[in-house]
Structures are given as C-alpha cells and as structure tokens.
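Quick note: the sequence shown uses the numbering used here, first residue 1, plus one each step.
Simulated from the structure, these hints should not be mistaken for laboratory data.
Errors might be hidden in some of the hints.
[As the list claims (entries may be wrong)] Across the chosen pairs, the derived CB separations fall in these ranges: (1) ALA304 <-> LEU178: 32 to 40 Å; (2) PHE88 <-> GLN161: 29 to 37 Å; (3) ALA121 <-> ASP64: 19 to 27 Å; (4) LEU57 <-> GLN248: 19 to 27 Å; (5) HIS31 <-> PRO10: 17 to 25 Å.
[To be verified] Restricting the straight-line Cα-Cα distance to at most 20 Å, the calculated cross-link-like pairs of lysine to any residue (SDA-like) are: (6) LYS89 <-> ALA296; (7) LYS89 <-> LEU225; (8) LYS89 <-> LEU79; (9) LYS89 <-> ILE233; (10) LYS24 <-> GLU6; (11) LYS169 <-> PRO136; (12) LYS24 <-> VAL217; (13) LYS169 <-> LEU181; (14) LYS24 <-> PHE12; (15) LYS284 <-> ALA296; (16) LYS89 <-> VAL78.
The beta-carbon is built from N, C-alpha and C at its ideal position, and this holds for glycine as well.
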Amino acid sequence: MLSIVEIVLPVFLIIGAGYFTVWKGMFAEPHVDALMNFTQTYAIPCLLFTAVANLDLAAVFSLDLILSYYIPATSIFVLSGLIAAFGFKRTPGASVSIGFTALFSNMVLLGLPIMERAFGADSLTANYALISIHAPFCYIIGITSMEVLRADGRGAMATFQSVLMAIFKNSLAIGLMLGFLVNFSGVTLPTVLNSAIEMMVRSALPCALFALGGVMVRYHFTNNLPEVAVLGILKLILFPAFAYLLAQYVFDLSIAQRNSVVITAAMAPGVNTYIFANLYGRGKATAASAVVILTAISVFTISAWLAFLGA
1 MLSIVEIVLP VFLIIGAGYF TVWKGMFAEP HVDALMNFTQ TYAIPCLLFT
51 AVANLDLAAV FSLDLILSYY IPATSIFVLS GLIAAFGFKR TPGASVSIGF
101 TALFSNMVLL GLPIMERAFG ADSLTANYAL ISIHAPFCYI IGITSMEVLR
151 ADGRGAMATF QSVLMAIFKN SLAIGLMLGF LVNFSGVTLP TVLNSAIEMM
201 VRSALPCALF ALGGVMVRYH FTNNLPEVAV LGILKLILFP AFAYLLAQYV
251 FDLSIAQRNS VVITAAMAPG VNTYIFANLY GRGKATAASA VVILTAISVF
301 TISAWLAFLG A
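Produce the entire structure from the sequences given, and follow the hints as far as they go.
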C-alpha cells in the first residue's frame, strides 16, 4: 500500500501546493489563470502532438480498446443525466451539464502522470489513443445533447456548427489533429523544432497540476452535495468497474491496455466540465463542486484501483 501512496501522492501534492499558494495569496489568481492558459493552450497541446505524431497507430488503435472505454463513458453520461432529471428534478439543460461532468475525465492532467508513475512511460500508448478522441467525443455528445434538449435549443444546422466550432477552437484538439497530420504524412520535423517542442512537453504536466490546484480555490465545496455524492459513486466507482468488466471479460484486452482503460475511467472530472457548464449557464454549482470534491476523494479511489490492478 505504501508504494501506491508513493505513486499517487506526489501528483496531489503538486495540486495541493497550487491550491495552498493561491489560497494564501502567495500566487495571485490572475497569475494562475495565465499558467493554466499556458499549459492548456501551448504546453499540453505540444505533449499531445508529440505523443500522437510518434504513435504506431496501427498497433495502438483498436476498436476493442475504444469501445472498452467509451461504452461505459456514454452509459455513465446517460445515467447521470437521467438521475439528475428524474431523481433531482433538474431541467434538461442542467441534467446534460451534470451528465457531462460524469463523462469528461481528467485523463491528461491526472491520468497521464498517475499512469506513468504506476506503470512506466511505456504504458501510456493506450492512454494517448483514448485521449486522441476524448475531447471531440465528449463535446459532440455534450453540445448535441444540450442543443437538442434545452428549451432554447437551436436547429440542426446551428447545432452542427456549434459542435464544429467547439472542437476546432479547442487547443487540445488542434494539437491532436496536427499530430495525426504529421503521423499520416510521414513528415520528419527538423531537429531544432523537435527539441523546442520537447522542452515545452517537459513543462506541461507539473505546471498543469499546479495550475489545477490554484484554479480550484475559486470553486465552492458545499453546493449541491447530494448530486456530487451520486456523481462520485458513478464517476469514481461505477465507471471504472464497468470499464474493467468490458476490458477484462468482453474485449479481452492486454493487461497494459486494460490498466489504461480502468485508470483513465477512474479519474475525477476535469476542469472542462465547469467550462462546459459555464458556457451554457446550466449546472455550474454542481460542476464546480464536483471538480473540487471528487478530485480530493479520488486520491483514495485511484489508490484502490491501482491496488486492485496490481500496480
């Protein structure tokens, strides 16, 4: 158990350091916003670009791998939305926002460093395959559902345009698309450019974790606790359990792929869930509370999943 703590704790210590310094006024909120903007707009897209550009796509991408993660993801999105609508009597728009909170995993800022520390850098290939379609998939599901179900929804063409705009404005998606372009084309980047990108990549995860902690200071812990509790059960327990069953018994993935699927599914909601809720003005309190509370709780649930998988 000590080894599991040693894997998980450094990641959350960096998040905690970001939270503490901003909370105590040692690091100003505008500065942490700038740091988060740097990581999400430049450093992490460089990380994803490099990973996808160098992937052996034929070896890494498999339908079984994708289905093992995205069938449970879609199921949890639908189940969370239905519970919000019929259990908590939320409006259609708020229900979609709550479902999106369960759908969108923090698979980059938390998933990559935890997976690398637990299973080594070579274990990340399946993670990158899952990440490569994560943002487009989630935004297509979330925006389409929101536009169709909310009372002031737009028509089919406007909905389609909203989906495309959300994807092509997302810097992470742009980094992934450029990575695929380089991979498919077989272009070799100049050594100097590669070296510059690698320097950006090394800054991505630690800076992003620190910024994530700092951003959490502004969110409230106590809003909509019953909804957050249900989201915690669905997101941190049921989602990875369903993913494990599919990966292990239905699709018969390799151990390395299974571990990537389960650990990625076990991640807390990402900050993008609040951004999505804020974009539509629906379910913002629940999304903000879920990001903070479930990230803290995931210290224990991720440790339990790592122990279960034999990390």
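* Which numbered conditions among the earlier hints are violated in the structure presented, ordered from lowest to highest? -> 6, 10
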